[in-house]
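Novice: With chain A held as given, fit chain B onto it using these hints.
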Amino acid sequence: MRMNKVYNKIESITGNVITVRADGVQYKELAQINTRFGKSLAQVNKIDGDVVSLQVFAGGQGVSTGDEVRFLGHEMRVSFSEDLLGRIFNGSGDPRDNGPALTDNMKPIGGPSVNPTKRILANRMMRTNIPMIDMFNTLVVSQKLPIFSISGEPYNQLLARIAMQAEADVIVLGGMGLKYDDFLYFKEELSKGGALSKTVMFIHTASDPTVECMMIPDMALAVAEQFALQDKDVLVLLTDMTNFADAMKEIAITQEQVPSNRGYPGDLYSQLASRYEKAVDFDNSGSVTVLAVTTMPGDDVTHPVPDNTGYITEGQYYLKGGRIEPFGSLSRLKQNVNGKTRKDHRALMDAMIRLYSSYKETLEKKNMGFSMNRWDEKLLRYGELFESRLMDLSVNLSLEEALDLGWEILAECFQSDETGIKSDLTDEFWPER
Amino acid sequence: MTENKGKVVSINGNLVSVEFDGNVSMNEICFVKVGDIALKSEVIRIRGNVAQIQVYEMTDGIRCGDIVEFTGDMLSADLGPGLLGQVYDGLQNPLPILAEQAGWFLERGIYADGLNVEKKWEFTPTAKVGDVLRAGEYIGTVPEGPFTHKIFIPFYLLGNYTVKSIVSKGEYTVKETVAVVTDDRGREINVSMSFKWPVKRAVKCYSERLAPVETMETKVRLIDSFFPVAKGGTYCTPGPFGAGKTVLQHTTSKYADVDIVIIAACGERAGEVVETLTEFPELTDPKTGRSLMERTIIICNTSSMPVASREASVYTSVTLAEYYRQMGLNVLLLADSTSRWAQALREMSGRLEEIPGEEAFPAYLESYIAAFYERAGYVRLPDGSKGSVTIGGTVSPAGGNFEEPVTQATLKVVGAFHGLSRERSDARKYPAIDPLISWSKYKSVIDSKKSEFCRDILIHGSEIDSMMKVVGEEGTTLEDYTTYLKSEMLDAVYLQQNSFDLVDANCSKSRQNYVTDKLVYVLGSDYDVDNKDDARSFINRMRQKFIDWNYNEFESDAFKKTEAEIDALYLEGNGKLTAYAESLLKDGE
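Chains as they are written, first to last, in my numbering: chain A, 3 to 435; chain B, 14 to 602.
Please note: incorrect hints may appear among the correct ones.
Said to hold, decoys possible - One side of the interface only, derived from the structure: several residues of chain B facing chain A at Cβ under 8 Å:
hint, residue
1, A112
2, P369
3, G485
4, K545
Source of the hints: derived by calculation from the structure; they are not laboratory data. Owing to the predicted nature of the structure, the values given are computational and were not obtained by experimental measurement. Glycine included, every Cβ here is placed at the ideal spot set by N, Cα and C.
So here's chain B without its partners, still in its complex pose:
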């Protein structure tokens, strides 16, 4: 805390102007004193001796002349063991602690440490006296839930540091000094198990940034098979309200094949956070066999919480993600919704009376979005291990129209696009990702030719469907009509997935491959049908079998039984495999 003080000269919403004497830096944190409480704020513009600050709380009751204290620090996150399983607000205040202090409501001016400073952690040193280390290399480890949490030379230290002393194995709090290091001029620096990092700066303590090549399984067939996401990649999920963005992210947060999931509930409903809070401690992480909550961090700044800390919350989230990536872990950050963050920028821009860009969003919107997604990545760390941050952001376009600025700016920078459509969600097709508009630059879990074969059926089927709207069913050939039925079946049994069914919601990579093969076989065959009614009734029966199959546990007896029924039905329909499908299936072997 510096001695630097100022006083309030104007108040407009959560934008307050402050007259100051000494030096003030951009994005510096300061506190507005109102009676006996102090409201956390951030400097967002400086003009002459007046700083404009955004207050992270409601500004009711502030008067001109109220004292403002500047801290000299930027908005920072506390990094150290004890982050996992926490529920934070956008400024990293643990919400359960705030509830203990203030009860039902988020009373303003109450802040708490991001890390528990009393808890002792079992520290095992890995560095020796005399070792020369750099920021981002580690001096020891601490077990945190199922993970080995590394204790780093703080990321903000520049240059080489020599370990002068290090404690022996034992229990320490996050604030106790566990090592003393000296810089090249011999100055001593105490290193504890925690340190602060300014959230708006990307952590870059890695050796090399690699191309994201490994697919991150989400267990959602439509995503993994057709529009996959890579570890260290980025993707966005725009969709009108009610199209199931949040449900999709919720399912992903449960089943995704990563080590750690960070959920940033940014300007969305509090009820959704409560759902996660209620559900996750009860669920088991299939990878570790422990509670799902132990691999999860929730940052929630829901829609009725102050808008300035909503803006901060996405940065806090990505900083925590980068921190765990530095330990060689794969981290998935789910931001819901980036549009609310963009709106927070717009609200402040409006109050600052900046010249508005498209739809009154600020002109710097695109560069801010790009910079945020660029913090994702697959990296090689100083010790040779690899870690990743994958970012999935939902977008809530006004009116469900993807031509709006936030969606467009996001599409420019992400590696996969999962566009949700109102038509599909209205028809209760979950997930409502539209296969005709979505795309991905990453590698699928199934053979790309088979994936293409399936997509061709979908595209062809949709063309026939639109043609039938014009010429009617009677003007459509039996062959086309059957293709249309096959595309509808593919949609119903493979693209759609029941997120409430434990078996169906969690479809593994091997199962996706197995089922795709069967589908290529069934859909790639011609059948003995005389007319359209027969064709429809046959395909409907087939569809029913595949739906039942989806609910059978993979490779269980029931699974095999249903498969036998599918095979029997295939024989009954006198199926003949086409040459192309046959070649596809051969290739796969």
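Here chain A stands alone, though its shape is the one from the complex:
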């Protein structure tokens, strides 16, 4: 084995990236750097001959050319055991609570992807008791879904509610660029709801160094994967992935990479995908489900981060105006489960959305001052009832209750043959009036 040689001649410092001349260094190896503000980890991200570039976790501020750099001979790792439950860590894996540091059973992070033949088809519903999720865009165990949102929407509240209500054995929360009050909010809500003891948190707040932000998803997902291999159903909540992407952008620009789209590096898709694809239902073992907030700068879904995310994930929840919008939202895996819930589930869901879409068109016409015919009046009434009774984010109903309510709303507004639902279903479910 190579000695952990110490280098004390830093050749260059640009942003959070430093270079030293060193031999025998491994790609992605960790180093420890001693600065006047304390110790920090750094990771090798480029080797050119004997010139080694490292990104410094604590940032480049205050790093001196004479500081000591010691290579550790291993990659970034995270300790894994049941002791993690109820604990809070930062992006370097150090405790953020007052608990002890954990060093047992170190596992590498950012490991290889799961062999597709060892996955099984996602086919278990994860109930949340939120009708816009359970009924219209069912969340499925091992699904990866972002929550697209603009700043100011209650996405962290939604995430916390899902954390408490969803059927999962372990919750792993990864916070990136989190406001400190949001961090406190999660801590408080989860302990109030009694979920803290089954939760592990990896938190990077907005005031912490950028490089640590980039470590959060890998740490959270590595831990989740280990729990899943112990037959646990794990729900990973990440907020906010746009901050993660921005951290990558910062490092890429610092290292003079050719940007591809609005400054983001060309491998943005692959980088995001390698995280999201950690969502898995293992053949004969546990599962990892990923819900990740992605804020959209300027409510622009074509911004590179939400755009690339949408191509990777299995749908998205689109949070707007304080509710989950039925049009922007989509759970691609819902058909794996919603055929087995109740036989009217799919047809009712489709018809209600189709009619809601007609309602939106009618509303537009009405706002432009056109006169409303009998059909338009029906649609307007329907839209109002749908929004107030089902879409409101505070509605807390089981799937079956939500379906019954759906039929009620339709029957209050339409004749059964106006709904476009197959006749044998309306015969059975159309409420007597």
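Specialist: Chain B only, in chain A's frame:
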């Protein structure tokens, strides 16, 4: 394996620079030794005595000075019996075998043979001693699932070869010599049932390339009737995320009227592959009555798998497609998504510090895309039979904007364009192919005049719709309003199709013709309605009948019963066939 070795001098992501002595060729395969594992890589640039290689694996742990061994070979696919039903990664490693060796994860440095080298196949010779053959002609056959798999003179042999000896009928492995042939200088070459072919080179062992004229049924009404695809043709399906590209390809892979389907899951979700893997073995191929998996090959290099092998995966797929085409079969290659492949090119181009083109894609993007789609084709083979490779590629344009480089480069070279729209998918209209922007250069399964008649209704209806947004319903004449309702009905009952319903999802050519005739009849008639409310309620009832009809099995009793109800409703509405529609229906007879 040559003795040629080099050593690592720099590492940047999956791009590694290697200093070497002897000779190294472009696109040569080499292995980087890291501890006791060797990582497969490909040479992508040579400058002086430094070769830049893309590593097909994660590069963590590589150090400067690590040894690199060059093989002298280009990236090749193993061709021979046993490809059907397999699930490969982009480098043709069978994933189930990797799972046996490495467990849950795709551990790097583990590779496996593309073909089972132990399995014995029943070989029947067709060539005789003294026969003179060329590359691409066959010496015998092997039954593989429902197909007769031909054993070829390897495609890379140039010139004429005389059969010197050939084994008798019996069971052999793919590596055993089944024939000895001699070239014109008398040199002997052993021929086995398998050989390697470099994936980035097109197979050209055919007599003639023909125009793609025969329509390939996909059983999707919107495609077959309006934007058809030909056997040996090419088409692309661009669309924003969530518009249903993958669902559409998945349906096509199940119902398309071809012999073999190759699914290239290139940089997309692993879950989708799992879906196919779970579903296909359970489904029956209507043509052969056997498991659908027996006609399918899956090449999956999903989004979290290394990006360099993602680039290789489309070439591996098309090579396997060409190989089965050489047997006189019709092969459909579905590539999902070509944008991920283009992004893989972009990632490497960026690391190579090439001058970026539009949106940082490399300047050679267009020629690479064109060359890939040109590998499709309908050909006459040396024995006179015909085979085809049809390529359907999805495109994932950034922001759903079709003006981006990959979509535009693809549109230049394909024969049909199925543009998916966000509006249609948001309104849950499946398939979300936008009939107003899509086009096809191939022949429809229905009479072209009827198809035009229907498209005219759609176009006219959409014009009236946009006009109504301005002048309102009250400013629209009853006639226009009825046309608008008819176009909405046509959309709902013919363009839209329920891919989860076994009957509706699989709409045959004869059914499409039958239903179109009925639609031309119903939509080509005027009705006795006094006002718009009446018109809407009448057309809605008609629409409902047609929707119910779609779920009835073709020519079943239920089908006939619903048809009778449609006819009764027609009479109730006092329908009068217009002269034009009448002439259309007459022509068809």
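Novice: Run every hint past the structure and note whether it holds.
Specialist: Hints and how they fare:
no. : hint : result
1   : A112 : holds (5 Å)
2   : P369 : holds (5 Å)
3   : G485 : holds (4 Å)
4   : K545 : holds (7 Å)
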